[in-house]
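Line by line, the protein sequences are chains A and B.
The numbering of the first sequence is full-length UniProt numbering, which starts it at 1 and goes up by one.
The numbering of the second sequence is full-length UniProt numbering, which starts it at 1 and goes up by one.
Calculated from the structure, these hints are not laboratory results.
Just so you know, not all the hints are guaranteed correct.
Here are some chain B residues pointing at chain A (derived, C-beta under 10 Å) [what the hints assert, rightly or not]:
1) Glu-247
2) Gly-272
3) Arg-385
4) Ala-442
Reference listing, derived: stretches of chain A covered by chain B, where coverage requires no fewer than 3 residues with Cβ under 8 Å from a Cβ of chain B [what the hints assert, rightly or not]:
5) 151-161
6) 208-222
7) 282-295
8) 315-328
9) 343-357
Note that beta-carbon positions come from the ideal geometry of N, C-alpha and C, so glycine has one too.
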Amino acid sequence: MPGSPDVVVVGAGVVGAACAEALSAAGRRVVVVDRGAPASGTTGAGEGNVLVSDKEPGPELRLAQVSRELWPDLLAGLREEIGPSAAEAEWDPKGGLVAALGDADAEALAAFAATQRDQGVRAEDITPRRARELEPHLTPRVSGAVLYPDDAQLQPVLAATALLAAVRARGGEVRAHTAALGVRRDRSGAVAALATSAGDIPCGAVVNACGPWSGAFAEAAGVALDIRPRRGVVLVTAPLPPGTVRRKVYDADYVGAVGSDDADLQTSTVVESTAAGTVLIGSSRERVGFDDTMRVHVLRAIARKAAALFPVLERVPVMRAYGGFRPYAPDHLPVIGPDPRLPGLWHATGHEGAGIGLAAGTARLLADLVTGADPVLDPAPFRVDRPALLAEATA
Amino acid sequence: MNRIAVIGAGPAGLAAARSAAAAGADVCVIDAEPAPGGQYLRRDALAGARAHDPATALPPGVEHRPDTVVWAIEPVPGGHRLHLRTGPADDPGRTGATVDTRALVLATGAHDRALPFPGWDLPGVFTAGAAQALAKAQRLAVGERVLLAGTGPFLLPVARSLLDAGARITAVLEAGEPVTGWLRDPAGVLAGSGKLGELAGHLAALARHRVPYRPRTTVVAAHGRDAVEAATTVRLDRDWNPVPGTERRVEADAVCVGFGFTPQTELAVAAGCAMAEGFVRVDAAQATSVPGVFAAGELTGIGGAALSAAEGEVAGAAAARLVGRDPRPPLAALRRVRRGRRFAAALAAAHPVRPGWTTWLAEDTLVCRCEEVGAGELRAAARERAASAARPLKLVTRAGLGPCQGRVCGRNVAELLGDPRLADGFARRPIAAPVRLGELAAGNTADGTNTCAGPR
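Let's have the full structure, built from the sequences with the hints guiding it.
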């Protein structure tokens, strides 16, 4: 790349890749650095959820709706630009089906879906019988269900690497195995360069897209940012005949776990098949720091709920389990935008288990803010100096 | 909790169980096979009928859990918990159990390595170890015109087992330098190990059966419609690049390949043991980097049955000491380990897998057979998707995500892409053996805990 980049994105997961793509599409010269390989952290351990179903009305749902609209166009643009093979990301707008297994859950689910409809979500109340027509292997115990036609699936690693391929095609650079160590400031105190394990990269702006490691990078740059890891584990079965599981199917208690502050193990069932025929079963949420020890009681809890939802899965061999760390902020909202404490530093992090889905909207919002364009949605709820974050940071 | 669990009942595991039991420790041996002995001491069909076999017998009081896989291992206060399933993998009636152990000896061994080449996925292509197992366990000859190709001295006992079972071997092809080199150095690393006599015996058997032994030669393609009918052999240069013009088409109904061994490290990796170049790192007492976990045998380096047994004896004594017993220092075994390691190091140096093998592959040669991923696809993923770590590479290509979970293809993928570190990522398998969702869901209620309680 001739001359220095305008922006260096730290983190080559799906959020960093999407930000780099959006910034390069806006004409910025971009370098992406990652201490490991692209998509080898949180993204590589993700399920690939592009969901509107699991979000309560509010700013995160708004971001999810914007993202859901952007993803198909974004991927179509990549296909045009770098070709269908390099842009392949296994996008599948298969829809989601949330099933309640008790009367209380069914009522709660119906009430929740009604509030989502008020914010423009397509959420269709269906009878248990209809649910079992749509998903023939669903348990007969289903007591109520909601269909979300806009829920979709992406293969996270393919999505991230396709976005990065576009960045490279436009003259940007992706420097893997290069660790970001901090930022250099100019006399005014603004960002002048990113310090890395391979030397300084002079630049006008740095985007912190380090996922669960965002807090550590912010600290190295000299500002506090309260982003913590939450561990999630996904089970993968042997391939099953097509049609065994047709949509993303969740237990209605999924909604409860996402925004929860409970440190103990939580599991909520998400069952879906992949292009390869395997079934992914997620997922757990645990606060165990960065401890990646696989715990059998976690696997058992996930398995129990999946078998309750789809009894047919009981006989299916589980081939592997993978775990990762999801980044979350104390108020469970992403952090997107400039850091007023350090001019030139931007954040795009804190997406918890929804980073794959929210990446497209996050990237567009960030690029709008960087270029001064009209923001695609209200950025205020995501700003880094919101009270909920500052309170935690100073506590 | 004060019990020692030994995983694997090959030479290393048996020796560990014996030495720990001799020191008075409670020992439980967990093994995937129906009878103790592992790959090396696999009894042949007739010998298996014998009631008592001193070579594979366990001392009285040692609990033996055959047909049992350890599918997960996790730390618990004061030791480790092993999660077991007993019974055939496809049997819905197999049972679960957990074992808590303060000292754990991993003796999970190694499986032999095949290198991919065009046609290696045809019926009639075997790993050398699989062909030997058929010959020894079922007296089954894999073919009438067998080509045996690979590298290292292990090819010779395989050839002999095949001949004993009635197979006819067209040639034994050593890709590297001939093992006869060892015979010219009687005072070298093999001195006193008994290996020289073994080698000479195997070579004599080949000569008796008029089986040619060809160094710097290998099989680079297998041909046939539904099964192997012929193979292309070729001379190799020092780096294992084919020498142009030396290709020969040879009729064959079976091709057996063995290019050294790959250790079965998933349980060691899951336990968090530090690794070095694909093997578990151990100290002089066979202790791994994880307190309470010992490793013995091929897991720590490829050195053969005698070294494995010596390491097992040392590990068993160290494990017994950890649980409060007072074993005699295994001085003789320690000496055998030191001598054996010299041999193992020389073996590794003399019979390396050279990088030229990657030139034998066509673009569409499958490297991962389970998920049918070709060499060209893997190279493209590394290039176009910048997939430079194991997880992204697996998810982009699906290599290593099939039934074998990368056991066969992990190292080959890593070497093909020129990044040996990738192999470590393929060895990470926290679910070490498939387990049915229903078995997982049934949970601890169906699994008696601590059922491996030693003598009852």
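Ascending list of hint numbers which this structure does not respect: When the structure is compared with the hints, numbers 1, 6 and 9 turn out to be violated.
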